[in-house]
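Peer 1: So the chains spell out like this:
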Amino acid sequence: MGLFSRSGSRGRRRGRSRGILGSLPIIRWFGPLLTGGGILGAAFGLVTGRIDLPALDQYRGTTAPVTLQPVSLRDLGDKSPDRIRIATFNIRQFAEKKANKPIVMGRLAGIVGKFDVVAIQEVMSGSTLPIDRLVEVLNQDTPRGTTPRFQSIVSHPIGRTSHKESYAFVWDASRIDFIPDSAYVVQDGEVGSGDDFLHREPMVASFQVRARPDQTARPFRFTLITMHTDPDEVRGDTNTNELNVLDDVFNNVRAWEYSQNGEEDFILLGDLNVDVGGLAELGRIPGMVSLAGKLKTNVIKTKTLDHILIDAQTTAEFVPGHVGVVDMVNDLGITLEEAKDVSDHLPVWAEFSAFESGAPGARSPQVAREGGQPTAR
Amino acid sequence: MAEIDPRKLLEQDLFADDPVRQMGVIRAISMLEPEQLQSSGLPCAARLVRLTGSQGEMVRIGAAEALESGVPVQADEVPQLCEMLSGELSGDVSYWSATLLGRLGAAGQLGDHWSQAVTTLQACLTESAFLPARERAAWALGRIGRQAHEAMPVLRAIAEDAPPRLRRLAVEALESIRGVAA
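Line order of the protein sequences matches chains A and B.
Using the working numbering, read the first sequence as starting at 1 and increasing by one per residue.
Using the working numbering, read the second sequence as starting at 1 and increasing by one per residue.
Incorrect hints may appear among the rest.
Claimed, not checked - Calculated cross-link-like contacts (lysine-lysine; reagent style DSS-like; alpha-carbon spacing at most 27 Å):
id, chain 1, residue 1, chain 2, residue 2
1, A, Lys-164, A, Lys-97
2, A, Lys-101, B, Lys-8
3, A, Lys-303, A, Lys-340
4, A, Lys-101, A, Lys-164
5, A, Lys-340, B, Lys-8
6, A, Lys-164, A, Lys-340
7, A, Lys-79, A, Lys-294
8, A, Lys-340, A, Lys-294
9, A, Lys-303, A, Lys-164
10, A, Lys-97, B, Lys-8
11, A, Lys-301, B, Lys-8
12, A, Lys-301, A, Lys-97
For the record, the hints were derived by calculation from the structure and aren't laboratory data.
Excised from the complex, chain A in its bound form (with noise of 0.2 Å):
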């Protein structure tokens, strides 16, 4: 059985799964020996004198207050040749109840369609059919005959109680393209089993920007890894704290894709269910930015809850300053009460740049200083 399946809105198909079975659990292997090495050196370096520490501080982004500037939805315009939107939204049970409302599912499609890849927590009912509706709804202008515009990748149902949620990555196809193969949930044990560390495993796939014909920068390929995590195992300074494991899982991916595809560019995005000091390891990942940063993500805007997550000395394509929340009453105006029917969260998004930026592991010191929060203490 797949772990996923795809569709347009015409000619759905299964998508073969690809896990990293067998990988991670390598990648463990190896882990505690670097870990013990590396301490050894920084030991054998800091006793030596051979590692400058204060010269280390240029990596630790910035101490110099954000001055985040979101833009409005409404403002962004169309969309741009040189620049993509990524988004995260949490619909709240996305579930067969909701795919049947047609108000509902219009609004959804008004804002997914003004991106070009959403990563889509909370889809319920254990079928893609909530996405497969939204991804209806998008494509209904496509004509007869011609490629789906809008597509679609739905995990396998994921959670240890009766009470399951899928992730869902849904695209433009007409200027996004689904690296083939490239999707699978992180496997992280059986329930109940010493590796069972995470409630609901996170979703991992890797795009690229489509090239034009009379292009001749690289387009940007980036790999997006998203997270809903428990509500109740986010807290505390310990090892069942998802965000006390988020950072190896994200460590453990990015070593996986550059090994296996050169990839080096992640990007951890979705319901976190913390603020930036909340982000424990994974924000004390050297270079790591919380784009939204401060940014009230739930729908009464009184708490920060997603995130989108990049190491920001590999990942330069971020625009600085280009980054914000859908604030569903303002942006598409409608009361308070219809935005609770389309969800609790709202849609955190950021602009990135369509080509791959300069060399390899460049760094984007605007990105910290202009673009969002640094997560490192």
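Keeping the supplied structure of chain A fixed, place chain B upon it in accordance with the hints.
Peer 2: Frame of chain A; chain B shown alone:
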């Protein structure tokens, strides 16, 4: 057609048996802010826990999602939660009962019912047939902290001999009760 005020709907339908009205209750809860739910004085959280064991899939999903979103729970709901936890109506009902007891414990809001909560969680920890409920019971005892000290012998035994994740949670609960970790 004008919509019914969510507060009035809750007063009227909170204990309804009909799945359609139960869905209305879940929607009404999602429309109200935590302060409004708390001031209603209605046992909404305990009711949602029971609905996670419903026959209706949408009711089950809706109730669990509302609980995960953080519906406020009050100290006077503890006896109902303990009753549902010991009754083991379904794995999910036990799981959510333990979760809410843990949340109340972490907030220091078990009131006069903390002893009952600790005893019931210990029983779940050793007797439940649903592993995620046992795991949540261990987690909840850790969240209660020092007041759960009478559960330490049981937690020590679990930390020695139980499925791996449950062992890990028992160790963390012991550290929390001893005041070693948060």
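Peer 1: All hints are to be evaluated individually against the structure, with a verdict given for each.
Peer 2: We went through each hint and held it up to the structure:
Restraint check for Lys-164/A and Lys-97/A: the C-alpha separation of about 16 Å stays at or below 27 Å, so the hint holds. This hinted pair checks out: Lys-101/A and Lys-8/B have alpha carbons roughly 24 Å apart, not beyond 27 Å. The straight-line distance between the Cα atoms of Lys-303/A and Lys-340/A is roughly 15 Å, inside the 27 Å bound, and the hint therefore holds. Proposed proximity of Lys-101/A and Lys-164/A is supported: the alpha carbons are some 22 Å apart, at most 27 Å.
At roughly 19 Å between alpha-carbon atoms, Lys-340/A and Lys-8/B fall within 27 Å of each other, so this suggested pair holds. Of the pairs offered as hints, the one joining Lys-164/A and Lys-340/A holds, with about 21 Å between alpha carbons and a cut-off of 27 Å not exceeded. About 25 Å separates the Cα atoms of Lys-79/A and Lys-294/A, which keeps this hinted pair within 27 Å; it holds. For the suggested pair Lys-340/A and Lys-294/A, the alpha carbons sit about 21 Å apart, so the restraint of at most 27 Å is met.
Using a Cα cut-off of 27 Å, the hinted pair Lys-303/A and Lys-164/A holds, with the two alpha carbons roughly 24 Å apart. With a CA separation close to 23 Å, the supplied pair Lys-97/A and Lys-8/B stays within the 27 Å bound. For the hint pairing Lys-301/A with Lys-8/B, the CA-to-CA distance comes to about 26 Å; that is within 27 Å, so the pair holds. A threshold of 27 Å between alpha carbons decides the hint, and for Lys-301/A with Lys-97/A the separation of about 25 Å falls inside it, so the pair holds.
Against the hints set out earlier in the document, no violation occurs for any number.
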